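A.B. asks: Given next are the chains, with one letter for each unit.
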Amino acid sequence: MNQGQRLELVTKGTVEIIQPIELQRVLEEKTKPRAYWGFECSGKQPA
Amino acid sequence: MLRKAASLTRLPGMMHIGTGLVCGTKIKDMVQAGFHFIIFLADWHSMINNKFGGDMEKIEAAGEYFKHCFTALGLTEDKVEYIWASELASKPNYWERVIRVAKTTTAQRVMRALPIMGRDLKAQEVETASLFYPCMQAADIFEMSLDVACAGIDQRKAHVLAREAGEKLRWGKPVALHTPMLMGLAGIQGSEKGSYDEDPKLSSVIAAKMSKSKPENTILLHDSPELIEEKLRKAYCPPKIVEGNPVIEYYRLLAFPANKTVTLNRDQKYGGDMKFSTHKELEEAYKTGKIHPQDLKSNMARILADILKGVREYFDKHPEPLEQMQKLEAR
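In the order they appear, the protein sequences are chains V and U. Per this note's numbering, numbering through the first sequence is continuous, rising by one, with the last residue being 68. Per this note's numbering, numbering through the second sequence is continuous, rising by one, with the last residue being 386.
Treat the hints with care, since some could be wrong.
Capping the alpha-carbon separation at 25 angstroms, the derived lysine to aspartate or glutamate pairs in DMTMM-like fashion look like this [as the list claims (entries may be wrong)]:
(1) V:Lys51 <-> U:Glu339
(2) V:Lys33 <-> U:Glu338
(3) V:Lys53 <-> U:Glu198
(4) V:Lys51 <-> U:Glu132
(5) U:Lys228 <-> V:Glu37
(6) V:Lys33 <-> U:Glu304
(7) U:Lys134 <-> U:Asp371
(8) U:Lys134 <-> V:Glu50
In case anyone wonders, no lab produced these hints; they're calculated from the structure. The structure presented is a predicted model; accordingly, all values stated were derived computationally and were not measured.
Turn these sequences into a full structure, and let the hints steer you where they fit.
C.D. replies: This is how it looks when you write it as structure tokens:
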């Protein structure tokens, strides 16, 4: 996968990237960059 | 014994398809693009936000269940790393980081980053503990040395806060990647009233977010094909209108990302099957009245039931996490 394909895969379906140029730099500089998604262990919404 | 899908609908903490599919798909993309991806189970944050009445035992059971959901969706432990917030919080420097972040900003800014918790903004009603929440989100990002933080668009303020804190503290500026919020089946007009953001447009998007709504307004990862069909039958789906139409939205955010082409099965007498390779094509056909809302709905039900088949099979084989949640809930 080349850089362009990687970038496309990562940005696909997103509504916003802050900032795209920084993301591009991360992908260029690192083969295994670190990312996360945090999830609340969701339950009933508080009243 | 595990109760059947219909009663699971009323069990609190069940994962919505927005979480499972929108987030799940994006995480898969990132893994494929070479990321070391962490699924962060935010037990502390859930406690602050009074999930399960702040009962840590229930929150942990729900987190364990979430881990199983993502595993069932293909995000196994050899592909992603699962980290609990409580693991991070037990490290010696964690709370120092939280305080350092808090020192870079004002209470007013932190308050503004609070709609992440899905609440209406009324200062008098906000617990003091809530003010830690955005600061912890930022601290988490730095503690795990992340390059990219992913979330739904409702979390943008927390991410902006983290970027600013990172810059001031010279800890680096994480890239923030935001995904769309999935509308509830009743659409925007069926969502709860309330202000979740100063930007009215974003506020209504957050209000229509699936997790804010009632079970009949959302599709859960565990819903049976029959239940999915029933829920979709009642969905808001005005003919020829695509804006604010949740069913059209589900094609864009769920059906097309999961399939190269989407086929709508129709009775011969209504024109037979239709095949689409892009969401745009499908939208155009709907706008011009070439697709009946009923066909749009019944096909979405079939497609979703198909996407979720693996999850149902997984939990048939591994009922323990659900049983544990039911047990705690019945206490």
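A.B. asks: Against this structure, judge whether each hint is valid.
C.D. replies: Verification of the supplied hints:
{"no.": "1", "hint": "V:Lys51 <-> U:Glu339", "result": "violated, 41 angstroms"}
{"no.": "2", "hint": "V:Lys33 <-> U:Glu338", "result": "holds, 19 angstroms"}
{"no.": "3", "hint": "V:Lys53 <-> U:Glu198", "result": "holds, 17 angstroms"}
{"no.": "4", "hint": "V:Lys51 <-> U:Glu132", "result": "holds, 22 angstroms"}
{"no.": "5", "hint": "U:Lys228 <-> V:Glu37", "result": "holds, 16 angstroms"}
{"no.": "6", "hint": "V:Lys33 <-> U:Glu304", "result": "holds, 16 angstroms"}
{"no.": "7", "hint": "U:Lys134 <-> U:Asp371", "result": "holds, 23 angstroms"}
{"no.": "8", "hint": "U:Lys134 <-> V:Glu50", "result": "holds, 21 angstroms"}
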